[in-house]
Amino acid sequence: MSPQLEVQLIAVVIAAACAIPGVFLVLRRMAMLSDAISHTVLLGIVLGYFLTRDLASPLLFVGAVAMGVATVSLVELVSRTGLVKEDAAIGLVFPALFSVAVILISRFASNVHLDTDSVLLGELALAPFDRLILLGLDLPRALVVGLGTLLLNLVLVLLFYKELKLATFDAALAAALGFAPALVHYGLMTVVSITAVGAFDAVGSILVIALMVGPPAAAYLLTDRLSRMLALSVLIGAASALAGYWFAAWLDVAIAGSMATMVGVAFLLVYLFAPERGLIATAARRARQRWLFAEQMLALHLLNHAGTPEAAAECASDQVGEHLRWRPVFAAEVVRRAEQGGLVRRQGPMLALTERGRALAQEASLR
Amino acid sequence: MELFTDYTLRTVALGAALLGVVSGVLGCFAVLRRQALLGDAMSHAALPGIALAFMLTGRREPLILLVGAALAAWLAALLLLAITRTTRVKEDSGLALLLAVFFGFGLVLLSLLQQRPDAAQAGLKSFLFGQAAALVERDVVAMAALGLPALLCVALLWKQFKLISFDPEYAASLGMPVGLLGVALTTLIVVAIVIGLQTVGVVLMSAMLVAPAAAARQWTDRLGVMVLLAAAFGATSGVVGALISATGRGLSTGPTIVLCMAVITAVSLLFAPERGILWRRRRIALSERVPGA
Chain A
1 MSPQLEVQLI AVVIAAACAI PGVFLVLRRM AMLSDAISHT VLLGIVLGYF
51 LTRDLASPLL FVGAVAMGVA TVSLVELVSR TGLVKEDAAI GLVFPALFSV
101 AVILISRFAS NVHLDTDSVL LGELALAPFD RLILLGLDLP RALVVGLGTL
151 LLNLVLVLLF YKELKLATFD AALAAALGFA PALVHYGLMT VVSITAVGAF
201 DAVGSILVIA LMVGPPAAAY LLTDRLSRML ALSVLIGAAS ALAGYWFAAW
251 LDVAIAGSMA TMVGVAFLLV YLFAPERGLI ATAARRARQR WLFAEQMLAL
301 HLLNHAGTPE AAAECASDQV GEHLRWRPVF AAEVVRRAEQ GGLVRRQGPM
351 LALTERGRAL AQEASLR
Chain B
1 MELFTDYTLR TVALGAALLG VVSGVLGCFA VLRRQALLGD AMSHAALPGI
51 ALAFMLTGRR EPLILLVGAA LAAWLAALLL LAITRTTRVK EDSGLALLLA
101 VFFGFGLVLL SLLQQRPDAA QAGLKSFLFG QAAALVERDV VAMAALGLPA
151 LLCVALLWKQ FKLISFDPEY AASLGMPVGL LGVALTTLIV VAIVIGLQTV
201 GVVLMSAMLV APAAAARQWT DRLGVMVLLA AAFGATSGVV GALISATGRG
251 LSTGPTIVLC MAVITAVSLL FAPERGILWR RRRIALSERV PGA
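For the protein sequence lines, the chains are A and B, in the order given. Numbers 1 to 367, taken from my numbering, label the letters of the first sequence in order. Numbers 1 to 293, taken from my numbering, label the letters of the second sequence in order.
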């Protein structure tokens with residue numbers, strides 16, 4: 001496999017792995033914890049390095065995951081004292097832990113392969129050069145780690161789908177049925193930490209946040225079903241990763257930054273064009289409802305006044321708008337639409353309801 | 001003492017103190033209005049603004065870069081409002097999304113700038129973690145030009161800001177333009193963020209808003225006292241952190257200042273009278289010893 005293909009494969013695998021726990025973060029309104037975790041895992045890696053003096057040691061992975069979970073419980077500890085609100089607790093805890101990591105690196109570890117730029121950016125372009133042999137296959141380490149994370153996330157979601165769904169959408173019922181909410185919460189946080197650590201080396205902390213939150217947020221606007229939201233998140237994440245890779249290759253810019261940008265573009269497209277919840281669909285629906293409502297008003301007005309002594313004044317096609325307090329242009333358009341839709345017909349200067357118009361007015365008056 | 005003779009150190013200390021005061025004061029409102037994480041998103045979002053301002057003007061004039069940063073941060077705040085108002089995407093998702101996307105785009109622009117042969121772009125990377133040692137007089141002048149008017153605004157609109165922070169419904173019933181005042185306050189917070197970008201960097205700037213305010217909150221129930229205390233905490237940690245970083249080797253300023261601030265916050269959370277954790281524990285212990293007291 002060429003290095004270019006390998007980089008894309010790694011990116012797609014990591015995007016898919018991040019999207020799965022990301023869906024639950026977004027639904028449980030904990031998206032900003034991905035920000036905190038993806039920063040503080042660095043401290044776990046640094047401390048693990050000081051303990052083992054070996055950047056390849058699996059202890060670094062364990063330390064980083066533990067630090068991610070510790071961050072969440074520290075945030076909870078601080079916010080449970082009631083001294084600060086939860087958002088402030090997040091804002092207090094993770095910058096402090098991240099600062100410790102950055103200072104430790106620049107003070108004591110600047111000679112090793114651990115620098116603060118790659119923490120934010122990742123080194124996806126270099127990922128194919130760090131290889132290991134697995135089952136007789138010569139594979140990039142990042143690909144193996146990414147596939148492992150993806151597999152773990154898939155298996156966990158399939159195994160605990162029902163529990164996760166219930167705990168996410170109805171925490172009270174889940175608790176009443178005996179699914180320990182704390183267990184689900186910390187299980188999820190452990191998975192988020194594992195995923196962040198697994199992706200961290202290759203793509204950096206910022207892209208981890210983008211891939212965990214962006215695709216699920218976009219998918220949330222496209223569907224109401226959890227299973228579809230999971231699938232769509234994976235798809236959107238993978239597509240953004242690929243688009244980001246090609247954009248970066250075209251302009252020769254930072255790959256991780258470019259992928260994060262493409263996540264933003266994907267969200268923007270969905271935000272604008274989503275079939276039901278998109279900005280354009282919503283605006284179109286509003287406009288349609290506005291005309292429909294106006295036509296109903298017109299029909300009701302005609303129904304009320306047809307056959308009464310003042311009908312000649314009230315139902316004249318050029319005066320009806322005045323009685324409904326509409327601007328003339330708007331009134332003319334409503335009359336035109338109602339005529340076209342077969343709700344009213346002209347009888348000389350007057351407007352009269354058709355059968356359909358009468359039915360609509362009667363239906364509206366009953367509501 | 002070296003501080004009073006060394007010109008560079010004096011500039012650095014002055015800049016850091018200014019930053020501490022402005023972010024301390026405005027951070028109080030951010031924390032009280034539960035916008036602590038909005039600061040994080042906006043400071044990350046400032047990065048593409050810095051890079052774009054440099055690309056368009058080709059100059060490293062601090063005021064130009066800071067205006068670019070402010071516009072980008074403000075745009076992010078506006079987009080957040082649009083997303084949370086018009087869709088069912090919640091605020092936390094919107095924040096994380098905008099933070100990562102804007103910052104990622106900023107990194108793209110920075111890497112695009114690195115292809116340029118000129119050396120002027122070289123300093124832009126220091127906006128990530130801050131480099132107080134590189135502060136020169138015109139930087140501090142730019143910080144003052146933005147920060148002092150912001151403080152003046154807070155003084156002038158004190159009563160209004162106080163009311164919308166604690167009881168926005170009541171403020172609205174008095175006929176105050178709550179929405180407009182909220183926008184004004186967010187804009188001032190953007191100013192505070194922008195002032196800190198050169199010293200603390202985009203990554204950790206949010207801590208300069210949250211930590212002084214959270215620490216000050218523990219010592220008092222009065223907003224006026226809280227704001228003054230937060231300004232003092234911010235200035236102290238800013239100056240101490242910047243000086244340690246400027247004299248020590250290989251220490252980025254942002255993390256150093258944030259750690260100084262973290263110490264102050266931890267002490268406040270533990271030892272503040274009445275509210276502090278240890279204080280409360282002692283009171284519980286006392287009440288157990290004297291039953292019915």
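Hints are computed from structural coordinates only; laboratory data are not their basis. All values reported here derive from a predicted model rather than from experimental measurement. One or more of the hints may lead you astray.
Unchecked claim - Listed below are the simulated DSSO-like cross-link pairs for lysine-lysine, each with C-alpha atoms no more than 27 Å apart in a straight line:
#1 A:Lys-85 to B:Lys-90
#2 A:Lys-162 to B:Lys-90
#3 A:Lys-85 to B:Lys-159
#4 B:Lys-90 to A:Lys-165
#5 A:Lys-85 to B:Lys-125
To be verified - Computed spacing ranges between beta-carbons, pair by pair:
#6 B:Arg-60 to A:Gly-136: 40 to 46 Å
#7 A:Arg-290 to B:Leu-56: 40 to 46 Å
#8 A:Asp-318 to B:Ser-173: 58 to 64 Å
#9 A:Asp-252 to B:Arg-88: 34 to 40 Å
#10 A:Arg-53 to B:Leu-78: 35 to 41 Å
#11 A:Gly-148 to B:Asp-167: 28 to 34 Å
#12 A:Asp-224 to B:Leu-270: 42 to 48 Å
#13 B:Arg-88 to A:Gln-4: 36 to 42 Å
#14 A:Asp-252 to B:Ser-173: 53 to 59 Å
#15 A:Phe-169 to B:Arg-59: 51 to 57 Å
#16 B:Ser-173 to A:Ala-231: 29 to 35 Å
#17 A:Gly-148 to B:Arg-88: 53 to 59 Å
#18 A:Arg-53 to B:Trp-158: 51 to 57 Å
To be verified - Covered, in the sense of this in silico footprint (three residues per stretch, anywhere, with C-beta under 8 Å from a C-beta of chain A), are these stretches of chain B:
#19 33-41
#20 159-167
#21 202-210
Every residue, glycine too, gets a C-beta built ideally from N, C-alpha and C.
To see whether the hints hold, each was checked on the structure:
1. Between Lys-85 (chain A) and Lys-90 (chain B), the direct Cα distance comes to roughly 18 Å. Compliance with the 27 Å bound is thereby established for this hinted pair.
2. Simply put, Lys-162 (chain A) and Lys-90 (chain B) have alpha-carbon atoms about 23 Å apart, close enough for the 27 Å limit, and the pair holds.
3. At roughly 23 Å between alpha-carbon atoms, Lys-85 (chain A) and Lys-159 (chain B) fall within 27 Å of each other, so this suggested pair holds.
4. For a cut-off of 27 Å, the pair hint linking Lys-90 (chain B) to Lys-165 (chain A) stands: about 18 Å separates their Cα positions.
5. Annotation: proposed proximity of Lys-85 (chain A) to Lys-125 (chain B) is violated, straight-line Cα distance about 33 Å (limit 27 Å).
6. Under the hint 40 to 46 Å, the C-beta atoms of Arg-60 (chain B) and Gly-136 (chain A), about 54 Å apart, miss the expected range.
7. For the pair Arg-290 (chain A) and Leu-56 (chain B), the beta carbons lie near 42 Å from each other, so the given range of 40 to 46 Å is met.
8. Evaluation of the 58 to 64 Å hint for Asp-318 (chain A) and Ser-173 (chain B) yields a failure: the beta carbon distance comes to about 45 Å.
9. Taking 34 to 40 Å as the suggested C-beta distance range, the pair Asp-252 (chain A) and Arg-88 (chain B) conforms, at roughly 38 Å.
10. Separation of Arg-53 (chain A) from Leu-78 (chain B) is about 48 Å and departs from the stated range, judged on CB atoms against 35 to 41 Å.
11. For the hinted restraint 28 to 34 Å between Gly-148 (chain A) and Asp-167 (chain B), the CB-CB distance of approximately 52 Å leaves it violated.
12. Take Asp-224 (chain A) and Leu-270 (chain B): their Cβ atoms lie about 47 Å apart, and the range 42 to 48 Å holds.
13. Remark: the range hint 36 to 42 Å for Arg-88 (chain B) to Gln-4 (chain A) is upheld by a beta-carbon distance near 39 Å.
14. Checked against the given bound of 53 to 59 Å, the beta carbons of Asp-252 (chain A) and Ser-173 (chain B), roughly 57 Å apart, stay inside it.
15. In this structure, Phe-169 (chain A) and Arg-59 (chain B) meet the distance hint of 51 to 57 Å, their C-beta atoms being roughly 53 Å apart.
16. At roughly 48 Å, the beta carbons of Ser-173 (chain B) and Ala-231 (chain A) sit outside the given window of 29 to 35 Å.
17. A hinted range of 53 to 59 Å for the beta carbons of Gly-148 (chain A) and Arg-88 (chain B) is inconsistent with their spacing of about 34 Å.
18. Arg-53 (chain A) and Trp-158 (chain B) have their C-beta atoms about 55 Å apart, which keeps the hinted 51 to 57 Å range intact.
19. A stretch counts as covered by a chain when three or more of its residues have a beta carbon under 8 Å from one of that chain; for the segment 33-41 of chain B and chain A the count is 6, and the coverage holds.
20. For the segment 159-167 of chain B, the proposed coverage by chain A is not satisfied: 0 residues have a C-beta within less than 8 Å of a C-beta in that chain, short of the threshold of three.
21. Counting residues of the segment 202-210 of chain B whose CB lies closer than 8 Å to any CB of chain A gives 6, so the stated coverage by that chain holds, three being the minimum.
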